[in-house]
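S.K.: Spelled out, the chains give:
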Amino acid sequence: MTPRLELRGICKLYPGVIANDDISLSVLPGEIHAVLGENGAGKSTLMKIIYGACPADKGEIFCDGEAVSEHGPAVSRQLGIEMVYQHFALFESITVVENIALSMPGRLELKKLAEKILKVSRRYGLPIDPDRLVMSLSVGERQRVEIVRCLLRNPKLLILDEPTSVLTPQAVKTLFETLRQLADEGCSILYISHKLDEVRDLCHSATILRGGRVSGEADPRKSTSAELARMMVGSDLPEMSVTPAKRTEEPMLALIDLNLVSENIMGTSLKSISLDAFGGEIVGIAGVSGNGQSELAAVVSGERIADRADEITLNGRAIGALDAGARRDLGLGFVPEERLGRGAVPSYDLSENALLTAHRKGMVKHGIAKRAKAKEFAQNVIAKFKVKANGPEAQALSLSGGNLQKFIMGREIELNPKVLLVSQPTWGVDVGAAAYIRQTLIDLSRSGGSVVIISEELEELFEICDRIYVIADGKLSHSLDRKQTSVEEVGLLMTGGNDAKETNIQGIKYGV
Amino acid sequence: MAFKIEPRAEPSRSMAIAAPLIAIGLTVIISSLLFLSLGLNPFVTLYTFFVQPLTTLNGVSEWLLKASPLILIACGLAIGFRANVWNIGAEGQLIIGAIAAAGVGLFSPWQESVLLLPMMVIAGMVGGALWAAIPAFLKDRMNTNEILVTLMLTYVAALLLSYLVHGPWRDPDGFNFPQTALLPQAGMLEVFDYSYRLNTSIFFTVVVVILAWVFMERSFLGYKMSVGGIAPAAAKYAGFKASASIWIGLLISGATAGLAGMSEVAGPLGQLSSQISPGYGFAAIIVAFIGRLNAFGIVLGGLLLSLIYLGGEAVQLKLGLPSSIALIFQGLLLFFLLASNFLINFRIRKLTTRAL
Amino acid sequence: MTNTTRREILKYGAAAGLATSIAGLPNFASAAGKLKVGAVYVSPVSEIGWTKQHSLGIEAIKAEFGDKVELTVIENIYLPQDAERIFRELASSGNDLVFGTSFSHGTPMQKVAPRFPNVAFEHCSGIKHLKNLGTFEAKYYEGTYVAGVTAGHVSKSAKIGFVGGFPIPDIVGPANALLRGAQSVNPDITCNVIFLNSWFDPGKEKEATKTLIAQGCDVICSMTDTATGVQVAGENDAWSIGYGGDMSQFGNGKHLTAFTLNWVPIYVKAAKDVAAGTWATSERWQGLSDGIVQMSPYNTNLSAEAVAEAEKARTDIIAGTLHPYAGVLKDQAGTVRVEAGSVLPNGDIRGFNWFVQGMIGNLG
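Protein chains in written order, with this note's numbering: chain S, 1 to 512; chain D, 1 to 356; chain Y, 1 to 364.
Pulled out of the complex, with its shape left as it was, chain S reads as follows (with noise of 0.2 angstroms):
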């Protein structure tokens, strides 16, 4: 059979990256092929030459048999080649239809256009309404459309980029079965993932990226986790050591009845939000993102102030009039999600990054900043957290995404903090360097200190968490003992089915 897609000797260099080196992949029709690697490891770069958005500057691609030349994504289009991006392209004040619209050559109607629309989405269970406002859908719905605006084209070949990163666990189960049908009728799909879970649940064959290199290929059907791994991260992920909790008597933080409006039109109010994080344990948040948990962060952190101070207590003390600053100093640790602007600041060097919340360990002197001591700390979170960067020295916005966060985290993690609240710990972060960051939080708890973790990926939070909370339109669930819950649970109370344990689910336990 002649491959849908061939590249051969794929090379592309960026100044002082070598982003793609002599990568080539065979897919073939009806093949769900997934493209697997760490951040960084060359995967989008390799998409977006596939799809024509930069040109390689070796190599050729093949399309059908049929050499590529002149590639654009107007050629991509004739082709049949489609992409449906990890951040969506959506105008959010207009409808569906008109969004799709936007994106179809030639004159259209939009009432045909919009039977057609609903046509696809209901032949591969893609429930979107044609005439809803863009704003007023969620991120799994605004996914449809995307997918939608590329069947409507008859693809032969859809890439799809970490499509499951903004999804419940239900939602994916149905996107899995959507691409499944696709396939099932000669479609092409390029899969891009990190979640090795995943592409042994979906995909029929593998290409491991390393540092822009293949590093193998496999069939993910066949394969253990720990194999495919082990050819992304080149070397054996390190076993995670959990040891028992031992908690503490009293609760270390906790929010109790926390209330507060959004400030943004598009956010979150939280409703009446109660939670207890005991020292010695790590509490999880669970939730789909946009439902409160960028609201909460900021102000258990005291980014913003509570409304009444007694609605967050840290040791018994109301902290909720005090300001981020004022927290630290009572113990409270906090590492955001956004590394660059928030944890750090992209333009400034470690040491003065060290500066921003480790000013308190005996930095600053009659006013003036202590740039030796601010370099000694920062030196010595680099070497402690293991942290490659070029020095003290070096721009926080030079550091890879997971290193910055092993820089930010342990900046923190140095304040001995008694309770440390962290979001999004792994986000974007590579297999590697997340492997570290959980081990470190759980050796943080372990030593007494309360960790609470917003996270939107399940697998970690069931990897790390001794209980999990789960927040969905501001509301926070019970508490759920992670050894005794499922992911499916989890997953229902994501989606605001209030409680899980009314309804009858045989879950599935999730195992490591």
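Certain hints may be false.
[What the hints assert, rightly or not] Sample of chain Y residues lacking proximity to chain D, with all beta carbon distances greater than 10 angstroms (derived):
#: 1; residue: 62
#: 2; residue: 68
#: 3; residue: 78
#: 4; residue: 81
#: 5; residue: 115
#: 6; residue: 186
#: 7; residue: 204
#: 8; residue: 210
#: 9; residue: 282
#: 10; residue: 291
#: 11; residue: 296
#: 12; residue: 299
#: 13; residue: 305
#: 14; residue: 318
#: 15; residue: 328
#: 16; residue: 334
[Stated by the list, open to error] Calculated cross-link-like contacts (lysine-lysine; reagent style DSS-like; alpha-carbon spacing at most 30 angstroms):
#: 17; chain 1: Y; residue 1: 34; chain 2: D; residue 2: 318
#: 18; chain 1: D; residue 1: 4; chain 2: S; residue 2: 48
#: 19; chain 1: D; residue 1: 318; chain 2: Y; residue 2: 131
#: 20; chain 1: S; residue 1: 58; chain 2: D; residue 2: 4
#: 21; chain 1: S; residue 1: 386; chain 2: S; residue 2: 373
#: 22; chain 1: Y; residue 1: 156; chain 2: Y; residue 2: 34
#: 23; chain 1: Y; residue 1: 52; chain 2: Y; residue 2: 128
#: 24; chain 1: D; residue 1: 318; chain 2: Y; residue 2: 206
#: 25; chain 1: S; residue 1: 384; chain 2: S; residue 2: 418
#: 26; chain 1: S; residue 1: 375; chain 2: D; residue 2: 241
Please keep in mind that the hints were generated in silico from the structure rather than gathered at the bench. For every residue, glycine included, the Cβ atom is placed at its ideal position computed from N, Cα and C.
Given the coordinates of chain S, work out where chains D and Y should sit on it, guided by the hints.
M.R.: Frame of chain S; chains D and Y shown alone:
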């Protein structure tokens, strides 16, 4: 051939040095063409513009005298600008500083006292700072836009000055002309040499430059304000108060502008008249940016701007050029300087041609 | 290396500066036998207006002396800080005679003149004269009085309007005289006044003129550095009176007359006196009789009677039989300031800081 502008991963260090050289090079080329088209020798014209004003001690004295208030104000402004506090109304604060200082000089009971001058310094700084406190208060409490408020208060200040010199403060022996009496001798800044106008206010500038440098580059408060300017989310994350930045940024720049106003009235002016500033408060904004918000960069920027004022006069006096040509030349240089700074953070890349 | 060069330049520069100032010492006439004259203008030279009239004086010197004179002119100098530097520069670079042309040049000239005792300074609209700083000024009020007579004849609303740059005596006095001239025709006439606090602000001047017209004024006299008042009056079908030069081309046929300034005799005489070594400081204050103030041709639509009365006023002023500020002179409140049979003393005229009866408006 197509070009693309891309942000650089890191500010280019070599460009940081090359940018002003590129700017000067472009100015020389373009202005040479301009001068040639007017039938002037470009070498002579450029020499007259840049070198001739500094060939006499008097010229150097005038150069420093004019650069001094620009540098003084720009240092204060830079502290605010780094924290995204946009005080555009230094001109107004300068005027109020001058009014306050002149008020003390003319009407206080210490006319003969050695304390008169220090009191005027304090009055000037407090006056400027109070004028800047109005937008600070409004921004802090009501989130008004300080760009608008500071700018509009400049006009209020100018009208207040006009009212005073036309009305209650008018020199009774001055035939109704809109100016105050001359300040008493004890209220005048000492000149270094009777032949030149440069006076001791230059020390204010030196001290302020050093303090501003320490504040911006070394102090923790300056660090906090800069973080607030570059990455407001990071400042919030760290718990640095935005309102502190607003107050400090505006009060400091108001005080330095007020000090500059005092230096003018107790220096080259000697009295208040209806117009006392040649736009120093506005020109200082340009100086702050030419100096890239760095205290020592600002010194260079202030010296440059002062020189091109003098050069503009020199080409009129020596070569008979109309003032408009001098203005065009000044505009060219400033344009290229500020535009080339763009290259420090961005690069222009030639796109390889590719058919779509 | 570069440091040395730089220092040397400064050193030599300083020496050169010193040398020129010493060379300037012995006499007003300089080494090359050429007379060196400098002039500082407050605004750019344009087609019309204050600075234009001064540039005519400089041109007259050029015409008189030909290549025996070296002229240095700088324009747009209106701030005292800059002016003082320029006057120093002109004096130290060997000029024998330096003209300042604005009130705002006064304090700087008073500071600079004593430093350069061998340079002759001439200051237009100055109030203080020193040993080597002479002042000259025009009796604008004589011109406005004559113009006021024509205004009195054409005004139907019995309201005239005056736009002034600043409320200084040189403007307040002429405004008073304008009304006095108009009242000589119709004693009920009043005059509305607006000050711009700027010599050159066409936008503000336009607004002010429109305001006056809206208030019912049908004759506008504007004492600023532009022709805007005349222009806006013409556009709105109001009469106008020009200042500085003949502005009839801007008046849309409604330009009554202009009181023009002719500084040429003063500029040429000063230059000749300096060249001859006979220059001495003096305070000149001249008007119609000396030809410093002149009336431009009257509007052809003026009645013969109006022209005749205006001309009579002009000749009477020249003859000394008519004085614009002759008693009885009352102020706005009606208090008698000058009794019948006497005239306002010269000192009071030069320091005019009150409005006569019939003026409507405030002094700043």
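S.K.: For this structure, which hints from the list above don't hold up?
M.R.: 3, 4, 5, 22 and 24
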